[in-house]
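Participant: Sequence:
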Amino acid sequence: MASPLSEKIGYGFGDMASSMFWKIFSYYLPFFYSNIFGISLIDTGILLLVTRIWDAVSDPMMGAVADRTKTKWGKYRPYLLWVAPLFSICGILLFTTPDWSYSAKLIWAYATYIAMMTVYTGINVPYGAMLGVMTSNSKEKTVFSSFRMFFAYGGSFIALFLWDPLCNMFESSLGISVQTSWQLAMAAIAACCFVLFLLCFRMTREKVKQVGEQTSLKKDLKDLVTNKPWWLLNGASLCFNLFNTVRGATVAYFFVDIIDKAPDHDLTLFGLKILFYSGLFLGIGEVANMIGVATAVPITNKIGKKPTFIMVDLLLIGFSILFFFCPVSIGGFWLMLLLQIVISVLTGIMSPLVWSMYADVSDYSELKNGSASTGLIFSSASMAQKFGGAIGGAAVMWLLDSVGYVARGDVDAAADITQPAGAISCLWYLMTFIPAGVALLSMVIVALYPLGTTRMDEIVAKLNKVRDGNPDLLDNPEYDDMTDVATI
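Heads up, the sequence shown is in our numbering, so the first residue is 2 and it goes up one at a time.
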């Protein structure tokens, strides 16, 4: 029986909340640290990367804890209720700038960033794992995942499109510092996220009873590290998040130091002048992401998840390289906006695929090993997201520092800075050739992924029989060897 529309919308509200925070972190936090909070590019890069060491422990730990949670609301769903208040509070603290010494501020940055990512893990890992227990149908998982990503990009659009106006409004109307205006803007976003998480909890249910008794954590980890599709999907997911973060984290710098330096960057549409600024560029990208999500289900139903993934990667390579040849002119700005739309539609198609494929890996593991570790498997999706964001953010910081980029936190904030030629070239590469190379690596990895449409149909059919009381199908040797990667 198909799940009701209201439940799919409710599930979407959860990632709408997470994504509003995540996109602000990915696209504006590096800029905030280096240009507003006031720490160096090198220290910012180290901060973004080093804190991922804790995530390597906290994400699987949270997955294991969620797998073993038993409440009247289910395993995973109650964390939406329990963690939502902490999620909002930590977000506000993250964008709080204390008037302390440089060393003390750096300690504050580490403490608040680690706290935020820990809380993000505490709510996002169980939320992601819910997909594995809301329906047993592989195609409906893609539908749930599409609703999730559609609402996620909707939330991202709202947050990114309003971020600059919110900061400017608070700064000008209240006469406060730029640091306080960023803090208040995050407080407004945090309040919305809190309500959305509560709605997600209220509108969703866990329905699928997974097979087998809960095994030891040691066995779960052993099953995980011998799961070949899981390793390959982690690699592809890491590349996908790295692609998005490298481009996204570069945008604020790209606009401040390249677009804003143009004599005229007002776009004219139907007689109206529209300022071409980073929030518009990113916000329109989020709307295009939503279009891509809406097309993901019909495309994957027609050609399969794996071929869709490969096709999207190939197109991302081509359009990313094309962006490099856009001139810094009004005509060039329109072309940049068009390419941003096309690239974002493609990443929108990709997003629900990743989560749906993790659900497939969970089903494969459940049949092969005789017990479910859905939370642990989905924790790797969260870890890939955060590692991709961290590596991408750190790479942007370190590359800019290596080419002599002048951060505004190092000089008078009102000064008119002209960046060296090497820094300008680096910004162009970060928007074009570097993401294209990441997409190429992703395409190679996905080509080796073995859980194609035919294989998943077989797995789901046998798993449903097991869940209906046929345990003889468990521990089937047929699923111990996943070397047949030709089936798509």
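Read the hints as simulated data drawn from the structure, not as lab findings.
We put the CB at the ideal spot given by N, CA and C, even for glycine.
Among the clues, some could well be false.
[As the list claims (entries may be wrong)] Here are the simulated EDC-like pairs of lysine to aspartate or glutamate, each with C-alpha atoms no more than 16 Å apart in a straight line:
(1) Lys140 / Asp417
(2) Lys210 / Asp469
(3) Lys303 / Glu141
(4) Lys208 / Asp417
(5) Lys73 / Glu207
(6) Lys208 / Glu141
(7) Lys303 / Asp417
(8) Lys71 / Asp267
(9) Lys208 / Glu8
(10) Lys262 / Asp417
(11) Lys106 / Glu207
(12) Lys140 / Glu459
[As the list claims (entries may be wrong)] Label-pair distances were calculated between CB atoms; the ranges are:
(13) Ser330 / Arg203: 46 to 54 Å
(14) Thr227 / Ile177: 52 to 60 Å
(15) Phe325 / Tyr111: 16 to 24 Å
Participant: Now tell me if each hint is right for this structure.
Facilitator: Hints and how they fare:
{"no.": "1", "hint": "Lys140 / Asp417", "result": "54 Å, violated"}
{"no.": "2", "hint": "Lys210 / Asp469", "result": "10 Å, holds"}
{"no.": "3", "hint": "Lys303 / Glu141", "result": "14 Å, holds"}
{"no.": "4", "hint": "Lys208 / Asp417", "result": "59 Å, violated"}
{"no.": "5", "hint": "Lys73 / Glu207", "result": "10 Å, holds"}
{"no.": "6", "hint": "Lys208 / Glu141", "result": "13 Å, holds"}
{"no.": "7", "hint": "Lys303 / Asp417", "result": "53 Å, violated"}
{"no.": "8", "hint": "Lys71 / Asp267", "result": "56 Å, violated"}
{"no.": "9", "hint": "Lys208 / Glu8", "result": "12 Å, holds"}
{"no.": "10", "hint": "Lys262 / Asp417", "result": "10 Å, holds"}
{"no.": "11", "hint": "Lys106 / Glu207", "result": "43 Å, violated"}
{"no.": "12", "hint": "Lys140 / Glu459", "result": "13 Å, holds"}
{"no.": "13", "hint": "Ser330 / Arg203: 46 to 54 Å", "result": "50 Å, holds"}
{"no.": "14", "hint": "Thr227 / Ile177: 52 to 60 Å", "result": "55 Å, holds"}
{"no.": "15", "hint": "Phe325 / Tyr111: 16 to 24 Å", "result": "36 Å, violated"}
When the structure is compared with the earlier hints, violations turn up for hints 1, 4, 7, 8, 11, 15 and for no others.
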